[in-house]
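Student: Chain by chain, the residues run as shown.
2 protein chains.
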Amino acid sequence: MTPEGPSQALVANVFARDCESRAAFEHVTSKWSSLVLLALGEGPHRFGQLRRKVDGVSEKMLSQALRGLEAEGMLIRSARSTAPPRVDYELTELGSDVAARLRQLADLLEAAVDARS
Amino acid sequence: MTPEGPSQALVANVFARDCESRAAFEHVTSKWSSLVLLALGEGPHRFGQLRRKVDGVSEKMLSQALRGLEAEGMLIRSARSTAPPRVDYELTELGSDVAARLRQLADLLEAAVDARS
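Residue numbers (this note's numbering), protein chains in the order written: chain A, 172 to 288; chain B, 172 to 288.
Take the hints with a grain of salt, since some may be wrong.
For chains that are exact copies, the list does not tell them apart, and a pair is met inside one copy or across any two.
Stated by the list, open to error - With a Cα cut of at most 25 Å, we get these calculated SDA-like pairs of lysine to any residue:
#1 K231 / D278
#2 K231 / Q275
#3 K202 / V182
#4 K231 / L181
#5 K202 / A187
#6 K202 / S252
#7 K231 / R287
#8 K202 / P256
#9 K231 / A242
#10 K231 / D285
#11 K231 / E281
#12 K231 / D259
#13 K202 / T253
If you are wondering where the hints come from, they were derived from the structure by calculation, not from laboratory data.
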């Protein structure tokens with residue numbers, strides 16, 4: 172908001188290169204992060220489960236995607252005090268909303284491929 | 172489909188690294204292609220209009236994204252026989268469906284950024 176009123180207010184815009192929403196959009200649509208979000212959209216997963224589900228991801232790329240999504244407020248790590256300790260990755264509310272929209276996109280593309288074959 | 176029936180049928184799955192839907196998903200979510208789809212979701216655009224709208228894209232990257240999206244069946248180039256000839260980029264039905272889903276994702280992230288500021 173500015174003194175000039177709402178018509179002058181800055182609103183988020185993914186087309187603007189310096190807007191935070193553009194960075195967030197690029198992040199959640201990036202190669203591994205998007206697939207990790209889709210996987211976690213089906214429920215909490217452990218590292219090894221994600222590694223198997225997201226076909227082709229390396230340990231390094233998966234760790235990087237998880238750290239990035241955590242920093243972006245999309246997921247939380249929940250450690251259970253079992254022996255050995257067990258860590259689950261779980262979506263936040265925002266992460267869950269993002270994952271639902273990515274799922275709709277994935278459904279569309281999967282259906283398009285099925286219709287072609 | 173296989174002789175064993177529908178339970179054995181292969182269905183598209185974005186998690187599978189060799190599935191066409193995974194390639195399509197990676198493509199429409201890639202950095203410039205996703206923004207170009209969002210822009211064309213608002214209506215047909217010419218090259219220069221896209222270049223201005225998608226802040227930061229170079230001519231080379233924009234050409235590449237447009238060629239890729241055309242090959243993927245997401246857009247068509249329509250040339251009008253004016254002098255000078257005018258080329259519009261326009262979404263196909265599939266491209267339009269994809270763009271609508273990307274727009275829902277962008278709306279969510281823009282709203283999240285606005286709520287934080």
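Student: Which numbered hints does this structure break?
Tutor: Result: hints 1, 2, 4, 6, 7, 8, 10, 11, 13 break, sorted rising.
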